[in-house]
Amino acid sequence: MAAVLTGSSAMLSGGVHSLIDACTEIILFYGIMASRRTATPQHQLGYGREIYFWNLIVAILIFALGSGITVYGGLKQIIDPKPIEEEWINYIVLVISITVEAFALWAATRQLKLKSGGNWVTALRRRRDNTTLTIIEGDIAALVGLVISACGLIACQITGDYRYDGLASITISIILAIVAFRLASNSKNLLIGLPVDREVADSIIADIQKNEKVLRVNGMVSVHLAPDQLLVALSIWFADGLSKQEVERTIEEIDDAIRSSYPIRALFIEPQTPKRFLTLNETLSTTIPPRKQAPLAAGASQPSQLPST
Numbered sequence: 001m002a003a004v005l006t007g008s009s010a011m012l013s014g015g016v017h018s019l020i021d022a023c024t025e026i027i028l029f030y031g032i033m034a035s036r037r038t039a040t041p042q043h044q045l046g047y048g049r050e051i052y053f054w055n056l057i058v059a060i061l062i063f064a065l066g067s068g069i070t071v072y073g074g075l076k077q078i079i080d081p082k083p084i085e086e087e088w089i090n091y092i093v094l095v096i097s098i099t100v101e102a103f104a105l106w107a108a109t110r111q112l113k114l115k116s117g118g119n120w121v122t123a124l125r126r127r128r129d130n131t132t133l134t135i136i137e138g139d140i141a142a143l144v145g146l147v148i149s150a151c152g153l154i155a156c157q158i159t160g161d162y163r164y165d166g167l168a169s170i171t172i173s174i175i176l177a178i179v180a181f182r183l184a185s186n187s188k189n190l191l192i193g194l195p196v197d198r199e200v201a202d203s204i205i206a207d208i209q210k211n212e213k214v215l216r217v218n219g220m221v222s223v224h225l226a227p228d229q230l231l232v233a234l235s236i237w238f239a240d241g242l243s244k245q246e247v248e249r250t251i252e253e254i255d256d257a258i259r260s261s262y263p264i265r266a267l268f269i270e271p272q273t274p275k276r277f278l279t280l281n282e283t284l285s286t287t288i289p290p291r292k293q294a295p296l297a298a299g300a301s302q303p304s305q306l307p308s309t
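Residue numbers for the sequence shown follow UniProt numbering, so the first one is 1 and each next one is one higher.
Think of the hints as simulated: they come from the structure by calculation, not from any bench. C-beta: ideal position from N, C-alpha, C; glycine also. Not one of these hints is a red herring.
Taking lysine-lysine pairs in the DSS-like style, the calculated list, with each CA pair at most 27 Å apart, reads:
#1 LYS213 x LYS244
#2 LYS113 x LYS188
#3 LYS275 x LYS213
#4 LYS244 x LYS275
#5 LYS244 x LYS210
#6 LYS210 x LYS275
Ranges between beta-carbon positions, derived for each pair:
#7 ILE174 x SER203: 34 to 42 Å
#8 THR99 x ILE178: 18 to 26 Å
#9 ILE178 x THR38: 36 to 44 Å
#10 TRP106 x ARG276: 47 to 55 Å
#11 ILE178 x GLU212: 50 to 58 Å
Could you put the whole structure together from the sequences, leaning on the hints where they help?
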């Protein structure tokens, strides 16, 4: 409305950004609901990754509409500058908008900080929470855009050159394009499949090695199906001399312990010797040294592993 009343392209950019923010909230809300659907025979691991798909749609929306419309308005103002009328309306709208956006950003980061009990940036990285990242980066971009709009309006008033208004609009479009690219890149990686954060992986491995019947966790393969849904596959070297029933009970103990502490959607455990593991999985790097053991007697073989069940 302020853009229509005053003719400011920078304010038009801010209005477009606000409209996109509203659409983003609706799309992401739908994505969250869709990702929580129960698994089906066709989608046996559930619909968790659907939230990453809708985050990708949001990134495309920000780039196509947000960046596209604002750069058009900015170029139009630079090529054919139009005077800005009733500047005071713009300043009132900017002050209110900056206050609202700053509060929204503070509330979002504070809530995330309370949930994680620490640094919210670290919490986002560990959970692969692209939805919250989209909201926070959108709020940051909105705040920066509003400040740029204010700077453009002030420059227009001081110099009388209304091309600064168009320049501010183009700068906002560049910021939106950068945000869109970052979000799209992150969504792409999550759709392809990203592992759990290394600190989380180390914590899972350390918890498993607390079991006295485990000699070593050879390696771990993991992927985020959603921020709160993990698929984990483990190769474990069990102590020698265990019967098949003892190995099965130990696997059940590990399964119960891991599922109670981490958001596991699917967990697979493979009993293997380190040699067998390395032969089959030369590219995996999430390994941890085995516990100290007495040297094997001369001529003794590696502890044998029972086939997984």
